[in-house]
Structures are given as structure tokens and as C-alpha cells.
Amino acid sequence: MAECTPLSQITNTTSSTGRGGRSWTQRQHTPYTRTPRSRRLTGQGKTVPLARTPQAPRTLSRIKELVNKTWRLYKVTPLYKFDLGSLRKYSRLLSAHLDAEYRKGIAVGVESEVADSARFSLFKGLKGASGDSDAIEITVKAKPKSGQGESKVVLSAILCSVQLPDDAFLFPESFTFLPVMMVKGGVGLTKQIVSWLEHQFDCHITHMSFSPYDLSWMVAMWGGCVPETNSKPVEMMYTVPKEVEGLSRITMTIDAKVCKELWDSIRDPTNNRFTEEEEAAFIKSLESHFFYHFKVKLTAMYLNRVVTSIAVVDSSGRIKFYSDDHVHRVLRHITEVAVEQIQQK
Amino acid sequence: MMEREIFRKILGRLRKDELRPVLQEWGHLGKRLHEIDFSHSKHSVHSYVVKGFMKNYPNGHPDAVGKLDLLCLQKHSAKRTWAVYHLKKGQDSPPNDAADPKEFEQRLRRELGVDFKKMELCVLQHEKALWVRICISKGSKTKPMLKNATYCVHFPHTPVLIVTNMKAATAESIKQAFVNVLDYDDIQDIRLTGRCVKSLAQLSLNKYSQGSFSQYRLNQVDLQPLSHGKKRKRTESEESITDPRIVFVNQKEKKQRLEILNDTFGPNPQPTLEKIEYKLETKFHGNHYAPGMRNHTGPFHCRVKFEGTSVIEGIKNLGKTELAVVPLPDHLAKVHSLAKNHFVLQDKTKANKSVQDSQT
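Going down the list, the protein sequences come from chains A and B. Going by our numbering, the first sequence opens with residue 1, and the numbers climb by one from there. Going by our numbering, the second sequence opens with residue 1, and the numbers climb by one from there.
Accuracy of the hints is not assured; some may be wrong.
[Said to hold, decoys possible] Beyond 12 Å from chain A on every Cβ pair, some chain B residues (computed):
id	residue
1	M2
2	H28
3	N59
4	K102
5	R109
6	H157
7	V179
8	D186
9	K207
[Stated by the list, open to error] So the derived list for chain A, only partly shown, Cβ under 8 Å to chain B, looks like this:
id	residue
10	L84
11	L87
12	L286
Everything labelled a hint here was simulated from the structure, so no lab data went into it. Every value quoted in this text rests on a predicted model; they were computed, and no experiment measured them. C-beta: ideal position from N, C-alpha, C; glycine also.
Please construct the entire structure, taking both the sequences and the accompanying hints into account.
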């Protein structure tokens, strides 16, 4: 780690963690990031819950509602003066804002419905460790314009943070850090909610997009997670560069069982973390298998979409969970990537 | 009335500039076609058409819907995916099939009438091929539904049949009907699918004259091969950069690569295929990076799909832009001569040898 300042050397941990324990004031202000040598795969990380802390019972957890829906991912910088106690006040303010926007004529997306009420609530079951803030859910309900019928949920957004990496930047007490926002709903309405949140809590919310490198990490880490029921084949979709006219994408789908065998063979079972070498081995072995048969260099293409048994992610930030047991694992990684992307700015 | 809606639906598929020629060919409007002002909105033009038809045929006409549907499909055949079937004949005698559309329709109606009491059948000739529309109703009382219509294209005196939208329930009967009408013994799905009917026909009919042999088929080769005169060199456009100080170091390799690609693919435009699928059941070959898999016995099951607007052209461009190493393997480079786009790749073992022999 050549660029460590003398101060950070004291706080640096000896294990190969991503960034070293530096506070956010000490992070580098360069456009380059150090790619992490390894990532958390499973486990609780450093904070293990004490025997006496009551765990949220599984029945209260609403994780099942997240599964089998397509969510758009956003990354959120720390929220200033976000108070868990004033959720009702925020609900009122947001409803008023949406109402005002509608009256101004900046109508909400769906013409037949009028966004009626917004509600902030706690989303139980998504907290990874005691260091995380509670997850918040925003639901917007709309009544059909004709006045009849019930109001139904038009947009659902969840702000969460699952097991923030230990070496994420520290910040004063008045900030709440919920780096990941998952939204399911119309584009226009999302924009309005995002602008209100940015205004109210002095934060910055942007789309989260994944580079092919991020996606290859995801497929390498989760390619071996095959749940007993409902296993899907592992799929990697590459888009072909524009100079090649006529061909637009190449998709490689690998049987789930065989993929797990490959994953087990490259993995060191004693290590809790997934290393860069293992990720490279996984991807490169698959690409060389492809090259042997087709003499086409997949390394030159852009990995665009990745499907595993537990989730499907694409480069524009859309995600869909398939298995509720593994939602935590996926969101833990997404939190880590979101924090890295925020720190990059 | 149901017919009105069906007409509107079919007419809605056409573009504004296509309405007049299609309606003229349809012919069921007669003189009333000239009364329609095509500069109005599409919706009102459709209303005029329906009104005109109702005045001409107050009790309706059985074949009108079918003919209009088929004419619309001929203009927009790329909207559907077509599958190619190959008709087989055991003996060497040529089949006694019909090229005349009327005779063909009669024969087909007789055959299909055995199995289905209520159906709509329409046969039209279009660009050297017979286009057939078969619409079968499920019950005896229900009218045939538009979305259940099966469309087939047959090139007379060839063993090729291109079909779209064939429902599982009626597939066997329709296939058998064609086998009987065209005097063949059997019909087989040759696993060739796509959206462009012309390309599919080219791939299946001209199977042995694709690639560089297409030059002979299209009469592009020198007509006097024995003449010893000097041939005029084709001036190929080299790099647009003409600065003499720039030296291209890899000109030779580039030339070699283009030559090999030209030999395999030929200079003519390739037939368009939207998708090529491979099912790989070979051993794992990424052992260099995953040494733990060296002991892995058994096939490494995976599937590969190449997709695009014209995949064969795309593969040629992959070779051109050096994203693929030339010479390309046969199962990728020779797709134009293989007349299928779903392949299974297996290791060459004794067990598979019998399969390979039977397929060639």
C-alpha cells in the first residue's frame, strides 16, 4: 500500500482489507481507486452480535417482499439530521410536496392516478449488524383519478444499509448513512421523491451503475450459491462493441450444478473472504473454455448482465432477488459497492 | 360486429403508404376503392374500407379476411419468427407436387377437411413461393380466431416448408396434410429459425452454394477463365490515412486475415440470421486457470447464444476487427452452409461417432 500517509499507517489493519481504516478526511482525492484484493463473502464481519442482544425474529422480517421484483438501485450519500422519531412528520412533508408538484402541473407519470399519500416506515429485517442504521421504507399510494376504487401502492422505495464495511468513513452523529436505495415505481415519481430527499436531508442521490468488473465479481462470488429448490443456470450476457456490425450480444449460460463444481474447485474453503485471484480464476476459466470452442475473445466484450440462482443484476443498476435466504448476502455486497462508489467521488 | 374488429385489426398492421396497393391487390372493394380519400387519418380510412366492404358484401365473404391477412403478412413477414421444415422422400422418384395455387389449395382443403370441420384456408402466390394461411377453430361453433392462424411458405418443387405460429394442438395434422398434398413421406424440423423468410429460404435451398461459392451462383466469376489477358486490378480502398510518414506494421497479417475471411464467407452479403445457439457438452477446457477442474469427468454443460441483426455478418466482422482469432472454427464460420442455427457440440468419442455419422 504505497500511498499510505504516516497517520494512516497507525490505524491500518494488517489483514488485507479493502482500504485500511482511514477516516473520510484522510481518503485520497484522486480519481483512481484501489481495487479491493478481496471481498466479504459470508459471515458477520467484525461485529458479532452479543449473546444477549435480541435478534429480530424471522417472522417480523419482510424480506420475502423483496424477492421476485425488479428494483432500481441508487446510491445515497449520508443524510443530514434524519431522525427516526419524526417519520410521521416526513410522511406529511413528502405528501404535501407531491401534492404541490401535481398542482403545479408537473404531473406524476401515470395519468389515471393521482399520488395521494406518502408514508415513511421502518423496514424490519434488513439490518445486518448493530453498526447499521435501520432500514426505511417509503410507500406512495395513489387513488385513481375518477375518485372510485381503492388507493394502491404506486411506488415503493427502501433505503438500507446492510453490514457497512468496517473501514467506511466515519462521520459525525448528525448524519445517518443508508447508502443503498432500492426503488420500484414510475420514473417521474421517483425523480420527485429523489429531489425532495436531496432537498430535505442535504444528500446526493444518483443512479448506481455497475461496470463489467463489478458484474464479474458478482457472478464469481454468487455463482456457487445454489439453493436446494429453484436453482437457475448461471448466465453472463456480453454486449459486443459497436464496430462489429450485425452481432449485438453473446450470452453464455452454465448449468447450475457444474458451475458450483467449478466454484468449489477454485475456492479456498477456510477463507471467509473471496479473493481477487479466485474471481480472476472463475471468470478466466469460463472465458478460456469459450475461447477454446469459438476462438472469440470474450475478454474484449462488455459484461452487461449477470444471472445467478440468487439474483440477476444488470449494468444499469436493476436487480432482482430470487431467493430470500440470500438477500442479505447480495445487499451486503451492494452496500459495499455503493460505499466504494460514493467514496470515489 | 366481429368482422369489423377483425378488419380493423388487420388494417392496423399496415403503414399508411401500404394501404392502397394492398387494398388494390385484395380486390374486394372494387370500384369503392377510388372513393376513399387516403389523406385522412388512419382511423377514418379504416372506417371507409370497412364500410365499403360491407356495402359490397352485405352478408360477408368467407375468404376476404384470410386474403387480407395474408397480404399484410407478406409485407411484414419480419415481425414473426419462422421455422424451416424439410420434407423427405424415401424413394428416388420425384414427388408429384402442385405448383398451381388453385390446385394446391384444393388438395390442401381436402386433406385438412378430414381432420377439421371449421377452418379458413387461403393460398396466394408471391415472389415464386406459395403463401398459405390456415386458421382452425377449436370448437365447432366458435369462429376461427385471428391469433390462431398458422402461416406457411412453400417453394414449389422444393422440399422446403417455412412455417410460423404453429400451435401444438394442430401441428401434427397440418404437417401430415402437407406431406400428403406434396407427395412426400416425412417432414422434419431442421432447427433453422429466423425472421427473414428470404434468408431462411436461401440458407435451406442454396445450402451448397453459400460462402465463397455464392460467387458462382450469382455469376460474378470471370466469364472467360481461359483468356490470358491482363485482368484489371480491383482498387481496394486502403486506409483513409494517406500520410507517408505513417507506416502500418501489420499490413501483411491484416491482408492474410481478410483473405481467409473472404474465402470462408465470400464477398457477397450473408443471409440474415437473428440468433445462433450452441449447446456445449464437451469437457471443461479452462483448466489452465482452474486446475482443480482437471479431475472433473463428465461434460461441462453450458449454452452459448449469439444474437444480433445479422449474426453471420457479425461473426465475419469479429474476425475483421480481430476480436476473434482467424481461422474461425467450422461450426462458427460455416453456419451459412449448414442450414441450421441450433447446434450441439460434443467431444469426439467412440460413443458419439455413430451420431456424427448419421448426421452427415
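These are the hints, each one checked on the structure:
At the 12 Å boundary, the C-beta of M2/B stays outside the reach of chain A, the nearest C-beta of that chain being 29 Å off. A cut-off of 12 Å between C-beta atoms confirms that H28/B is not in contact with chain A; the least separation is 40 Å. With 12 Å as the threshold on Cβ separation, the claim that N59/B sits away from chain A holds: the shortest Cβ distance comes to roughly 41 Å. At roughly 41 Å, the least C-beta separation between K102/B and chain A is larger than 12 Å, which holds for a residue marked as non-interface.
No beta-carbon of chain A comes within 12 Å of the beta-carbon of R109/B; the shortest separation is about 42 Å. Every Cβ of chain A is farther than 12 Å from the Cβ of H157/B; the closest lies at roughly 32 Å, confirming the non-interface assignment. Every CB of chain A lies more than 12 Å from the CB of V179/B, the least distance being 35 Å, so the non-interface label holds. Against chain A, the non-interface label of D186/B holds: every CB pair exceeds 12 Å, the least being about 33 Å.
The claim that K207/B lies off the interface holds: its Cβ sits roughly 21 Å from the closest Cβ of chain A, which is beyond the 12 Å cut-off. Look at L84/A: its Cβ only gets to about 48 Å from chain B, farther than 8 Å, so that hint breaks. For the restraint placing L87/A at the interface with chain B, the shortest Cβ-Cβ distance is roughly 47 Å, beyond the 8 Å limit, so the hint is violated. Using the Cβ-Cβ criterion of 8 Å, the hint placing L286/A at the interface with chain B is satisfied: the shortest such distance is roughly 6 Å.
The structure shown violates the earlier hints numbered 10 and 11.
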